Amino acid sequence: PNHYCPTAQSELFANLYADIWDDGENGTPINDDNYLAAYLYELVTKYGRHIKFWEIWNEPGFDYTGGRGWLGPEQPGNWWTSDPDPCHYKLRAPIQHFIRVLRVSYEVIKTLDPDAYVALSGTGYLSFLDAVLRNTDNPMAGAVTADYPLKGGAYFDVIGFHSYPHFDGSTKYWDLQLNRFAYKRHSDAAADGIMRVRNQMQGVLNKYGYNGQTYPENIGLSRNVIFRVRILMISLLVMLCSAILP
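Here our numbering is used: the first residue of the sequence shown is 75, the next is one more, and so on.
If you're looking for bench data, these hints aren't it; they were derived computationally from the structure.
Taking lysine-lysine and the BS3-like style, the derived pairs with C-alpha atoms no more than 30 angstroms apart in a straight line are:
| # | residue 1 | residue 2 |
| --- | --- | --- |
| 1 | K126 | K184 |
| 2 | K281 | K164 |
| 3 | K184 | K281 |
| 4 | K126 | K281 |
| 5 | K225 | K281 |
| 6 | K225 | K126 |
| 7 | K184 | K164 |
| 8 | K164 | K225 |
| 9 | K258 | K246 |
| 10 | K164 | K126 |
| 11 | K164 | K120 |
| 12 | K184 | K225 |
| 13 | K164 | K246 |
| 14 | K120 | K184 |
Restraint-style ranges between C-beta atoms, simulated for each label pair:
| # | residue 1 | residue 2 | range |
| --- | --- | --- | --- |
| 15 | T185 | S261 | 36 to 42 angstroms |
| 16 | T185 | V232 | 14 to 20 angstroms |
| 17 | G146 | V232 | 23 to 29 angstroms |
| 18 | G283 | A82 | 33 to 39 angstroms |
Every value quoted in this text rests on a predicted model; they were computed, and no experiment measured them.
Even glycine gets a Cβ: it sits at the ideal position worked out from N, Cα and C.
Please model the entire structure based on the sequences and the hints provided.
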């Protein structure tokens, strides 16, 4: 089915659960009936030499309810102890289907370019990250089976997360004299806000063993350098956003 929510069609590719590979009868090893796999095969074959990081979807967990993604584990309707309802978030499909997107993407991209990085992109909610890490791509409740042996953390190398210090209180405060919000006009507060979110994300990763020691194995300096470059890029964007605020 392409409807997992009565009022909205799934945003994901059809035939996600078709085999990724075939016997090469169409001239390629990819199964053309798996539309995502076929699309990525063409994309990576054509442009792969120019691309190092492949970001899989932007803001996949965008919360259309405006609040469930922020709920804590003890609150009803939270995403820590129950999976997001397809009607409540951007993909309009079960979280297991998004993990299937990650699995297909990872397998195709890494087969064609083992040195490329696959990124879980635009992660905004800690609870959504937790849902990805605790489920497999098994459409039957994300259970581990022989056909679905690995959970979502196995299918990405990098997390691209969203942090908005000018919204989350890192760079603004309530000014009693002005009776309105005032903004801190320096980059240190923005950088601190970004690192706070980064550390929270790392806390969720640590919970499932994704700490650079257990999963994946420690690869040393190169990962640290890549992380620092990404933080710098995000910091520059935040500084630009803060500069144009009143």
